[in-house]
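Colleague: Model the full structure from these sequences, guided by the hints.
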Amino acid sequence: MLEVIVFICGAVVMILEMVGSRILAPYLGTSIVIWTSLIGVILGCLSLGYWWGGRIADRKPDYRILSRIILLSGFLVAAGALSKSFILGALQEYGGSVHLASTGATLLLFAPPSVLLGMVSPYAVRLKINDVKNSGRTVGRLYAISTVGSIFGTFFAGFFLIAFLGSTNILLVLSLLLAGTSLLASSANRKVKVAAVTLFSLLFLAAKSYDAHLTSVGYHDIDTQYNRILIYQSLENGTGKMTQVMVTGPKAQQSAMYLDDPVDLVLTYTKFYNLASHFKPEMKRVLMLGGGGYSFPKYMLRHYPEVHMDVVEIDPQVTMLTRKFFHLRDDRRLSIIHQDARTFLNRTDQTYDVIHCCPVISGRNS
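Just so you know, we're using my numbering here: the sequence shown kicks off at 797 and counts up by one.
Hints are not guaranteed to be accurate.
[Said to hold, decoys possible] Below are the PhoX-like pairs computed for lysine-lysine, each with C-alpha atoms no more than 25 Å apart in a straight line: (1) Lys1120 with Lys1037; (2) Lys1080 with Lys1067; (3) Lys929 with Lys856; (4) Lys1037 with Lys1067.
No lab work stands behind these hints, which were simulated from the structure alone.
Modeller: Take a look at the structure:
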């Protein structure tokens, strides 16, 4: 049973770290600074947990204490899921540099459960050791199982879980998983077990209900394989016109569309693309690296009837969302290639009159 517990907790630690990058992305970005904060803080918390868990286990090795440690970590993960928007919004506004803000966000949202999850392995080792002669083998086996769990969590989150469930839902599922795992180590009676699972289930349902409410009022929070994307309606400064906005990074709108004219250009940087017609008035073949909300491709297809446009967008789900929320329609003069822009440029033999680089989505397309 202890082997199962350390495997699950090892997996949860790495899933938490992977999801952390998506949680922070719309508020603080996805730079190396974010990953440095996540990796450094979580490793530090695990180290503190190893030390603290070992000390507590030596004083009082008890399955009920291990169960409470895991259950509390589940509560803290759920608390992070429910408070993340408030905390990250405040840090984005008042957190100073991205270094301080990302470190502060990781400390507030992910450090507390990471410390408790770090306590699990040394505590499980102490409970498992019955014979000093085999202590080395026991320690090695349990830590190896925990590490295998971490490897599984890394691949499972990165290849499947994030894009399938979404970051907020993953945190809630992890909290439920930890609640269930705590029961494996618990000798509590059936009523206590049922109460614990019921409480976490209610938290999950409450969060899902809140997500459904946001969707009903036009606020969409979507995780894809490559990005966390926020789509919502907003008033344009100055004109007061209603726009549909796509956000993938902090403190900016990466794509926008007027609700009463889906083809007209909204954001200033997209309007500068029109300079291409000054330098290349007879352009016929145009390439755009990065699709995002496909604002300029839609505009170009309307205003330049002789142009054929190729758009290279790494994320197929971004294109799908643009079709759904930004009025992208099929056109014989528009070709969409879902591929990394660098790979496309290295492989294509097509020549273009104009090449635009769109900063809408992640640097993988830029």
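Colleague: All hints are to be evaluated individually against the structure, with a verdict given for each.
Modeller: Okay, the hints, checked on the actual structure:
Pair hint Lys1120 plus Lys1037 holds up; C-alpha atoms about 21 Å apart against a cutoff of 25 Å. Between Lys1080 and Lys1067 the CA atoms are separated by roughly 19 Å; this keeps the pair inside 25 Å, and the hint holds. Annotation: proposed proximity of Lys929 to Lys856 holds, straight-line Cα distance about 21 Å (limit 25 Å). For a cut-off of 25 Å, the pair hint linking Lys1037 to Lys1067 stands: about 17 Å separates their Cα positions.
Hint compliance for this structure: every hint is met.
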